[in-house]
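Chains as they are written, first to last, in the numbering used here: chain A, 39 to 342; chain B, 917 to 1255.
Source of the hints: derived by calculation from the structure; they are not laboratory data.
One or more hints might be untrue.
Result set (DSSO-like, lysine-lysine): computed pairs, CA atoms no more than 30 Å apart in a straight line [as the list claims (entries may be wrong)]: (1) B:LYS1147 with B:LYS1170; (2) A:LYS265 with A:LYS61; (3) A:LYS265 with A:LYS70; (4) A:LYS70 with B:LYS1038; (5) B:LYS1147 with B:LYS1166; (6) B:LYS1147 with A:LYS70; (7) B:LYS1038 with B:LYS1170; (8) B:LYS1214 with A:LYS70; (9) B:LYS923 with B:LYS1170; (10) A:LYS252 with A:LYS68; (11) B:LYS1040 with B:LYS1147; (12) B:LYS1170 with A:LYS68; (13) B:LYS1170 with B:LYS1040; (14) A:LYS252 with A:LYS265; (15) B:LYS923 with A:LYS232; (16) B:LYS1166 with A:LYS232; (17) A:LYS246 with A:LYS68; (18) B:LYS1040 with A:LYS265; (19) A:LYS252 with A:LYS232; (20) B:LYS923 with B:LYS1038; (21) A:LYS70 with A:LYS252; (22) B:LYS1166 with A:LYS265; (23) A:LYS265 with A:LYS232; (24) A:LYS246 with A:LYS232.
Chain A stretches covered by chain B per the calculated footprint, using a threshold of three residues with CB under 8 Å from any CB of chain B [unchecked claim]: (25) 184–195; (26) 198–211; (27) 238–251; (28) 268–278; (29) 298–308.
Since the structure is predicted, the reported quantities are computational estimates derived from the model, not experimental observations.
Glycine is no exception: its CB is placed at the ideal position from the N, C-alpha and C atoms.
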Amino acid sequence: MIGVTQEATAIAKKKGWLSPSTKENFRIYKYKFTRNRLSVFGLALVAISLFFAFFALQIVPFPEHIGAFVDHANANNPPSAVHWFGTDNVGRDVFSRVIYCFRGALLMSIVVLAISVPVGTVLGLIAGYNHGRPVDTVIMRITDVFLSIPALILALSIASILTPNMMNSMLAVTIMWWPWYTRLVYTQSSSVAKEYFVRNAELIGASKFHIIIKEILPNCFSPIFTKMALDVGWVLLMGAALSFVGLGEQPPIPAFGQMIADGSRLMPQNWWLTLFPALGIAFMILGFNFLGDGLRDMFDKGGH
Amino acid sequence: MLRFIGKRLMMGVLVLIGTSMLIFVIARVVPGDVAMIALGARATESAREALREELHLNDPLPVQYVIWLGNVLQGDFGNSFITRRPVADDVRQFFPATLELVFMSGVFIVLGAFSLGMLAGKYKNTWVDGLIRVLSYVGIAFPAFVVGIVLLLIFGHNFQIMPILGRISPGVAPPTHITGFFVLDGILTGNFAAAGNAFLHLLLPSFALALGPLVQSARILRSSLVDNSNKEYMSVSTAAGLPPSLLTRKYLLKPSAGPTITVMGLDFSALLGQAFLVERIFNWPGLSRYGINAMLNKDLNAISAVVLIIGITFFLVNFIVDIIIVFIDPRMRIGRESV
């Protein structure tokens, strides 16, 4: 029996098929993810958000309204067949501007996570593997310091001393984001480091680099990915908050927070100026949160 | 118990020293000349030099830090770059308003999370649970400043049943200053009209702040209630014929409250952050509105004071939360003392 299985595996490998166990894993993952319909809904919302972000200029009805454009004849129009979300106080199409905001918001999430996740992970791995040594203490105490100030306030103060623009708001959010990953990876890796396979690798003389990257890191992937998906929502909120007070993307380029802030001055008469950007950000946040919940279910080892 | 408290306090002080360094670095390693930022481009060179002397800007950074920290420990945060008043005076004036707001949000969060969470746990997988779940998605998806704007609109403009801006109506004299909390001061001095008026002003902004953390804590309480109710000791206690109310209160709620309260303590960080925007929307004369104005004007002394005080507040709240949890859940005493 064993011989047959080995032979089949050998053939499968030779022909480049997925080995049966990988296929089986995939099926289980798919089952766990789709079991909750909200995760699928979240995936759809995220897919639509990505589509909006990438093809904003191609799909919006009035691409020129995204920048500095003035059409006083059509200013302050409520939602209509031509302007689905109405027009703002200088006559720009709110729908076009809201769709374009998806791009900046997504870009911010990607940049922030693309920098803070690797940095935080590497620091967490180093601290976790050297559990109890001075390196651990130094890294984790610095992490504690960053976590001791509410994230939004730290980001606001960093952004405020820099020139207000999109770039610096991303920088500010990145600076306060990595400690969360250090904390997460630290907890995970310091417990993995005690496992026998790590001891074994040490005994046969594997390098520290090999142990951290090949033995410990793969065991940290699922919490990292889950947190990343859930974090996109938080980065979006943070970015919206920064741009709400004017420390994010500068006009005339629109951003969710900035549009909400501008619109709220014309409330309640021009309610559409605030409502639609708010719905836009809620759309993205919900999508990534549902997706994140789905990923968490998917990576959850305990089958319910 | 005492050892645990002492250890936590010591760790906290160490972290706060680090925090003060971080804040100091942010406020001094600004791109550009600090004196230029403080005085504007039109100030004379001698005025700038005088300020550099006052802030010890010509000394090395570590020396500057030690001088700054020494002053801060004596309650001196320097002068505001904008108002030229001592920052400490501003903080004393504005901090009570923020504390009052945050405290009220805390009341909303605790009451709301426990009642909604227990409802959802009791009627799990029914329409009640579903409704609370939908509510929690709303709380997650909409930032506090959007909730604030919506509340302003509904109650301030459409129905006009609530006062919306500031701490107290312009026609009402603030109560005599005792604690700085208008509601408390009003009650203490017997000025119930002012207390009631201040209380109404408090409701909308604190609810806007509370909604997000409230619904999330409710969800966490619900899931720990459901988890614990499936445990064997619950079946045993039920079979032993304990009354349901006692079962819920003593056997189910107590072990389930721990994670919820921990999350509430951590959510407090988000609460303090969002207060910066909510106070701005409701024109609430608190430390956060002061802080955000300081940030937008690059008022470095004021920024560092506000951020440091918020950091200390956050630490104290989580410290209290840790102690509460140890009191509620005896299992934590063993685990924590060895930390």
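Hints versus structure:
1. Between LYS1147 (chain B) and LYS1170 (chain B) the alpha-carbon distance is near 14 Å, which keeps this suggested pair within the 30 Å criterion.
2. Proposed proximity of LYS265 (chain A) and LYS61 (chain A) is supported: the alpha carbons are some 25 Å apart, at most 30 Å.
3. Proximity of LYS265 (chain A) to LYS70 (chain A) is assessed by CA-CA distance (about 17 Å); at most 30 Å being required, the pair is judged to hold.
4. Between LYS70 (chain A) and LYS1038 (chain B) the alpha-carbon distance is near 26 Å, which keeps this suggested pair within the 30 Å criterion.
5. Restraint check: the Cα-Cα separation between LYS1147 (chain B) and LYS1166 (chain B) comes to about 15 Å, which is no more than 30 Å; the hinted pair holds.
6. Among the hinted pairs, LYS1147 (chain B) with LYS70 (chain A) is consistent with the structure: their alpha-carbon atoms are about 24 Å apart, no more than 30 Å.
7. Proximity of LYS1038 (chain B) to LYS1170 (chain B) is assessed by CA-CA distance (about 15 Å); at most 30 Å being required, the pair is judged to hold.
8. The straight-line distance between the Cα atoms of LYS1214 (chain B) and LYS70 (chain A) is roughly 50 Å, outside the 30 Å bound, and the hint therefore fails.
9. Distance check on the hinted pair: LYS923 (chain B) and LYS1170 (chain B) sit about 25 Å apart at the alpha-carbon level, within 30 Å; holds.
10. For the hint linking LYS252 (chain A) to LYS68 (chain A), the alpha-carbon distance of about 26 Å falls within 30 Å, and the restraint holds.
11. Taken as a hint, the LYS1040 (chain B) and LYS1147 (chain B) pair is honoured in the structure, with Cα atoms around 16 Å apart against an allowance of 30 Å.
12. At most 30 Å may separate the alpha-carbon atoms for a hinted pair to count; LYS1170 (chain B) and LYS68 (chain A) exceed this at roughly 37 Å.
13. About 19 Å separates the Cα atoms of LYS1170 (chain B) and LYS1040 (chain B), which keeps this hinted pair within 30 Å; it holds.
14. Distance restraint check for LYS252 (chain A) and LYS265 (chain A): the Cα-Cα separation of roughly 21 Å lies within the 30 Å cut-off, and the hinted pair is therefore satisfied.
15. Taking the CA atoms of LYS923 (chain B) and LYS232 (chain A), the gap is near 26 Å; set against the 30 Å cutoff, the hint holds.
16. Straight-line distance between C-alpha atoms of LYS1166 (chain B) and LYS232 (chain A) comes to about 37 Å, which puts the hinted pair past the 30 Å bound.
17. Annotation: proposed proximity of LYS246 (chain A) to LYS68 (chain A) is violated, straight-line Cα distance about 35 Å (limit 30 Å).
18. For the hint pairing LYS1040 (chain B) with LYS265 (chain A), the CA-to-CA distance comes to about 27 Å; that is within 30 Å, so the pair holds.
19. Proximity of LYS252 (chain A) to LYS232 (chain A) is assessed by CA-CA distance (about 15 Å); at most 30 Å being required, the pair is judged to hold.
20. Restraint check for LYS923 (chain B) and LYS1038 (chain B): not satisfied, since their Cα atoms lie roughly 39 Å apart, outside the 30 Å limit.
21. Pair hint LYS70 (chain A) plus LYS252 (chain A) holds up; C-alpha atoms about 27 Å apart against a cutoff of 30 Å.
22. At roughly 34 Å between alpha-carbon atoms, LYS1166 (chain B) and LYS265 (chain A) are farther apart than 30 Å, so this suggested pair is violated.
23. At most 30 Å may separate the alpha-carbon atoms for a hinted pair to count; LYS265 (chain A) and LYS232 (chain A) meet this at roughly 23 Å.
24. Distance hint between LYS246 (chain A) and LYS232 (chain A) is fulfilled; the C-alpha atoms sit about 14 Å from each other, no more than 30 Å.
25. Given a C-beta distance limit of less than 8 Å, the hint that chain B covers the region 184–195 of chain A holds, as 10 residues qualify and 3 suffice.
26. A stretch counts as covered by a chain when three or more of its residues have a beta carbon under 8 Å from one of that chain; for the region 198–211 of chain A and chain B the count is 4, and the coverage holds.
27. Interface restraint, the region 238–251 of chain A with chain B: violated (0 residues with C-beta to C-beta distance below 8 Å; minimum three).
28. Requiring three or more residues with a Cβ within less than 8 Å of a Cβ of chain B, the coverage given for the region 268–278 of chain A holds, as 3 such residues are present.
29. Under the rule that three or more residues need a Cβ within less than 8 Å of chain B, the assignment of the region 298–308 of chain A holds, with 4 such residues.
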